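Here the structure of chain R is known, so what remains is to put chain F in place on it, guided by the hints.
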Amino acid sequence: MQDAAAHDDSKGQYFWVWGALLVLTAVEVWLGYKQVFQPVAMLEVLLGLSVIKSALIIAYFMHLKFESAIMRWTLTISVVACFVIMYLFFFPDAGRILRLGVK
Amino acid sequence: MADATLQHDSVQHGIQGEFEAPLFGAYSKKVGMWLFLASDSLTFGALLVAFSYNRISNPAWPTPFAKESIINSTIMTACLLSSSLTMVMAVFAAQRGDKLWLRNWLFATMGFGTAFIVLHGMEWSKLIGEGMTPFTNPWAPTVPQFGGTFFTLTGMHMLHVTVGVIYLGVIALRKMFLPILGALWLAGYLLIPANNVFHYGVHALLIGLIVSAVILFLKPKVYDAHDVEVAGLYWHFVDLVWMFIFPLVYLMSTKIV
Chain R
1 MQDAAAHDDS
11 KGQYFWVWGA
21 LLVLTAVEVW
31 LGYKQVFQPV
41 AMLEVLLGLS
51 VIKSALIIAY
61 FMHLKFESAI
71 MRWTLTISVV
81 ACFVIMYLFF
91 FPDAGRILRL
101 GVK
Chain F
1 MADATLQHDS
11 VQHGIQGEFE
21 APLFGAYSKK
31 VGMWLFLASD
41 SLTFGALLVA
51 FSYNRISNPA
61 WPTPFAKESI
71 INSTIMTACL
81 LSSSLTMVMA
91 VFAAQRGDKL
101 WLRNWLFATM
111 GFGTAFIVLH
121 GMEWSKLIGE
131 GMTPFTNPWA
141 PTVPQFGGTF
151 FTLTGMHMLH
161 VTVGVIYLGV
171 IALRKMFLPI
181 LGALWLAGYL
191 LIPANNVFHY
201 GVHALLIGLI
211 VSAVILFLKP
221 KVYDAHDVEV
231 AGLYWHFVDL
241 VWMFIFPLVY
251 LMSTKIV
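Protein sequence lines correspond, in order, to chains R and F. Letter by letter, the first sequence follows residues 1 to 103 in my numbering. Letter by letter, the second sequence follows residues 1 to 257 in my numbering.
Chain R with its partners taken away, still in its complex shape (with noise of 0.2 Å):
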């Protein structure tokens, strides 16, 4: 169980994060505008880059790196098991598309 005197002695570490998704969005929009990688890699690349900004947001922002552990993994594993699911649905097809070269 969290404190509220320890989450005040804490404050700092939100800043921290702040600078660290403004230094993250800032790398994103420098790789995106000198469009370093061609569209895939490109789209690979800054979703990862997304992933690891929601992830500082949720964890901290959020909270949830501060609840409790059967919150933290029910909320996370049926959350991203659907997007699996998405990803496995459609992505492969796009590719498909694309290798075809359908109009």
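None of these hints come from the bench; they were simulated from the model. Careful, some of the hints might be misleading.
Said to hold, decoys possible - With a cut-off of at most 27 Å between alpha-carbon atoms, the simulated DSSO-like pairs for lysine-lysine come out as follows: (1) F:Lys255 / F:Lys29; (2) R:Lys34 / F:Lys219; (3) R:Lys34 / F:Lys126; (4) R:Lys11 / R:Lys65; (5) F:Lys29 / F:Lys221; (6) F:Lys175 / F:Lys219; (7) F:Lys29 / F:Lys219; (8) F:Lys99 / F:Lys175; (9) R:Lys11 / F:Lys99; (10) F:Lys99 / F:Lys29; (11) R:Lys65 / F:Lys29; (12) F:Lys255 / F:Lys99; (13) F:Lys255 / R:Lys34; (14) R:Lys11 / F:Lys29; (15) F:Lys67 / F:Lys126.
Said to hold, decoys possible - Okay, the calculated bits of chain R under chain F, using three or more residues with CB under 8 Å as the criterion: (16) 14-25; (17) 28-42; (18) 50-58; (19) 71-78; (20) 85-93.
A quick note: this is a predicted structure, and the numbers were derived from the prediction, not measured. All C-beta atoms in this analysis are idealised placements derived from N, C-alpha and C, irrespective of residue type, glycine included.
For chain F alone, kept in the frame of chain R given last:
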């Protein structure tokens, strides 16, 4: 935020069955909001997957976002990230019972959120002015789905931000917020030109006003630190979703001159 887990009455007094400790060890409002956010993340997940699918399966995908659009959307991102920090500060203020700073931080969060909506509205107006509709776009006639996917995804998010600003306004000011919301709706309706999509979009504020009034009059209460924390969860989620929309929609469609 401090009350991450709940020391329930049943644990304290040993009354099993009648007041059982909650499964997640958190108060029900928070669990309810988390479950709503989990379901809402699937709504956005479906929209994001649809957008990504279309993006990578169409080599002729339009790239209309030039330098000024990227700068604009980067500022919007910074607004949302900063609003999350001010929201965290609001939760801290609520936990220590500091009503003045609670309101100040909530107002700062609402200010960042409003700035985001205004900047996004300007971006939409610019694109519509260039000839983009949900069914056509002037940059890639063979990819008509660009407009539909763009407006659906960003419009859904803009609606969530608007609801979030109203939610925080209700938490900060309770019934005092209703006339402010009414004035904003009327001003928006009268001042935004009739040929602008937001002339009608501003009616979202009227719907928000009616729903807020029903809640505030049917269940008047003083919102405590738990309510502020739950509102904060919603707000951070809105921020989180934008962390995917921004790179996917804007950075994947930059126009290099």
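Results of checking the hints against the structure:
For the hint linking Lys255 of chain F to Lys29 of chain F, the alpha-carbon distance of about 45 Å lies beyond 27 Å, and the restraint is violated. With a C-alpha separation of about 53 Å, the suggested pairing of Lys34 of chain R with Lys219 of chain F is violated against the 27 Å cut-off. With a CA separation close to 24 Å, the supplied pair Lys34 of chain R and Lys126 of chain F stays within the 27 Å bound. Note on Lys11 of chain R and Lys65 of chain R: the hinted pairing holds, with a Cα-Cα distance of about 15 Å set against a maximum of 27 Å.
Among the hinted pairs, Lys29 of chain F with Lys221 of chain F is consistent with the structure: their alpha-carbon atoms are about 15 Å apart, no more than 27 Å. For the hint linking Lys175 of chain F to Lys219 of chain F, the alpha-carbon distance of about 11 Å falls within 27 Å, and the restraint holds. With a CA separation close to 15 Å, the supplied pair Lys29 of chain F and Lys219 of chain F stays within the 27 Å bound. With a C-alpha separation of about 16 Å, the suggested pair Lys99 of chain F and Lys175 of chain F falls inside the 27 Å cut-off, and the hint holds.
With a C-alpha separation of about 18 Å, the suggested pair Lys11 of chain R and Lys99 of chain F falls inside the 27 Å cut-off, and the hint holds. At most 27 Å may separate the alpha-carbon atoms for a hinted pair to count; Lys99 of chain F and Lys29 of chain F meet this at roughly 21 Å. Restraint check for Lys65 of chain R and Lys29 of chain F: satisfied, since their Cα atoms lie roughly 18 Å apart, inside the 27 Å limit. For the given pair, Lys255 of chain F sits about 47 Å from Lys99 of chain F by alpha-carbon distance, which is inconsistent with the 27 Å threshold.
Between the alpha carbons of Lys255 of chain F and Lys34 of chain R the distance comes to roughly 10 Å, so the proposed pair stays at or under 27 Å and holds. Among the hinted pairs, Lys11 of chain R with Lys29 of chain F is consistent with the structure: their alpha-carbon atoms are about 24 Å apart, no more than 27 Å. A C-alpha spacing of about 14 Å is found between Lys67 of chain F and Lys126 of chain F, which places the hinted pair at or below 27 Å, so the restraint holds. With a threshold of 8 Å between beta carbons, the proposed coverage of the stretch 14-25 of chain R by chain F holds, since 6 of its residues qualify and at least three are required.
Residues of the stretch 28-42 of chain R lying with their CB closer than 8 Å to a CB of chain F number 9, which satisfies the three-residue condition for coverage. Counting residues of the stretch 50-58 of chain R whose beta carbon lies closer than 8 Å to any beta carbon of chain F gives 5, which meets the minimum of three for the stated coverage. Restraint check on the stretch 71-78 of chain R versus chain F: 4 residues with Cβ-Cβ distances below 8 Å, three needed, restraint holds. Closer than 8 Å: that is the beta-carbon criterion, and the stretch 85-93 of chain R has 5 residues meeting it against chain F, so the requirement of 3 holds.
Checked against the numbered hints listed earlier, the structure breaks hints 1, 2, 12; every other hint is satisfied.
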